[in-house]
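Add chain B to chain A, keeping to what the hints say.
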Amino acid sequence: MRLEIDTDVCEGHGRCYDLVPELFGADAAGRGVVIAAEPTEQRRAAAELAVRSCPEGAITLDAGGSR
Amino acid sequence: MSTRPAATLDERVSRFQIFETVTPPTDPWPVLAELRRERPVAWSDALGGYWIVSRYTDALAIFKDPETFSSENNNIPRRPPRVFGRGIPLNSDRPDLTFYRKVLEPLFAPRVLAGFEEEIRGAARGLLAPLVAAGGGDFVAAFAAPYPALFFLPLLGLHDDELGELLRLHFEILETTRLGPSADGSREARVDAASEALRERIVAILDARESMSDPPDDIVTGLLRARAGDRALTRDEMTRIIRLLFGAGLDTVKSTITLATWHLATNPADRRALAADPGLIPGAVEEFLRYFGIVQTGRLVTRDVEFGGVRMRAGDMVLLPLASANRDDERFSEPNSLDIRRSPNPHLGFGAGPHRCLGSHLARLELRIALEEIHDAMPDFELAPGADPRWFGGVIIGAENLPLTIAGRP
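As they're listed, the protein sequences go chains A and B. Taking the numbering used here, the leading residue of the first sequence gets 670, the next gets one more, and so forth. Taking the numbering used here, the leading residue of the second sequence gets -9, the next gets one more, and so forth.
It should be emphasised that the hints constitute simulated quantities derived from the structure, not laboratory data. Owing to the predicted nature of the structure, the values given are computational and were not obtained by experimental measurement. Glycine is no exception: its CB is placed at the ideal position from the N, C-alpha and C atoms.
Just the calculated beta-carbon pair ranges, DEER-fashion: (1) Asp675/A / Thr13/B: 41 to 47 angstroms; (2) Ser176/B / Ala706/A: 57 to 63 angstroms; (3) His149/B / Arg671/A: 47 to 53 angstroms; (4) Glu717/A / Asp55/B: 25 to 31 angstroms; (5) Asp675/A / Val300/B: 26 to 32 angstroms; (6) Gly38/B / Glu717/A: 42 to 48 angstroms; (7) Ala179/B / Ala706/A: 56 to 62 angstroms.
Bound-form chain A, shown alone (with noise of 0.2 angstroms):
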């Protein structure tokens, strides 16, 4: 599966890199950044928390290309 950040529409709420920092972090100007773009089916969850609270619905969860 692959995860990604819409970064023009990313606002920089930070509530993914707050809640799931093993899988993003924040640039400079505090925006997500998604530092494990092809996360381990264990980190699913945590992927799913990131897209569900991100108010802006920035982030997606590409289920595709079983791995």
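Chain B only, in chain A's frame:
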């Protein structure tokens, strides 16, 4: 006992306005729940007329469409800029907004703020110690009001040796935000006088910086050095930014920590849970931000537009009560219960879109540290006997006082 016919929804909507007293803050304006169900975009004739947008998805759509819904004026009724001109970046539109956010966001980024954690913690401890030693007192005066100011005002170049005077100016500058416009202009005159006094201080700060060889590492210096491409901030822009930060950075945190502490004083199970496991505090902070939704902001419609089944016209004002969007049961299960373990919690307590609260990371840090220190210094507290907190509505919901009794350590 006489009975009167129940007011219709139209009548209840026309009576509603954010400046009426809220009692209690657990459900500040019950009419908003009705509007979410029955009339998600409603017209009110109060305060010169405006739309009330009560649902989460509609509020989010408006926040994310600043071209149609401008922040040029957030106030209902519309208020022309007075002493300082429009607030920056609150009342800025693109493309200026993009520039302002680009230079301001790095000053409020988590990695910068992390370096201030011990300083903020020290401020919290210093304020809590006398309150605990006295066995209680008014939490608002003793902690909630000075706490955000002690750390933040020096970052704006304002000196904490005149903290009381600065808090008074802050309180007066927000008078119309808190109480609404006055018929005789007296509130506006007080806002202008306080704004003028603040402007003199800001001008003096900027003057002093020009001759300083080793300026302090604070927000003022950050503004003076800020560049995006070859554009720097003008002196007038810096003045309006500092004024905006002064107005936005104190009352918001004061209200949220007051309401959170009120909840904990009246819900001992949650208080004990946070005291026993401080790891729950960050999630609880998010839930306080959702549940109390203290900010009731607005937008100016820039063009005729169909929205939510109504026809809005250029020049209309729209009220976005976050206390309503954050209680939308289409988005949150059991939205009227405060659940410190709620997850996920995509609340709009800081708004959304390009005007997302610039200080949100600072607010979160201040709220987390405050709650950690409160539970450390005073694990057992409750409302003082006969306590009667006075709640107020307005653009920022809050309380004038919160009398607490603090138990000694067992």
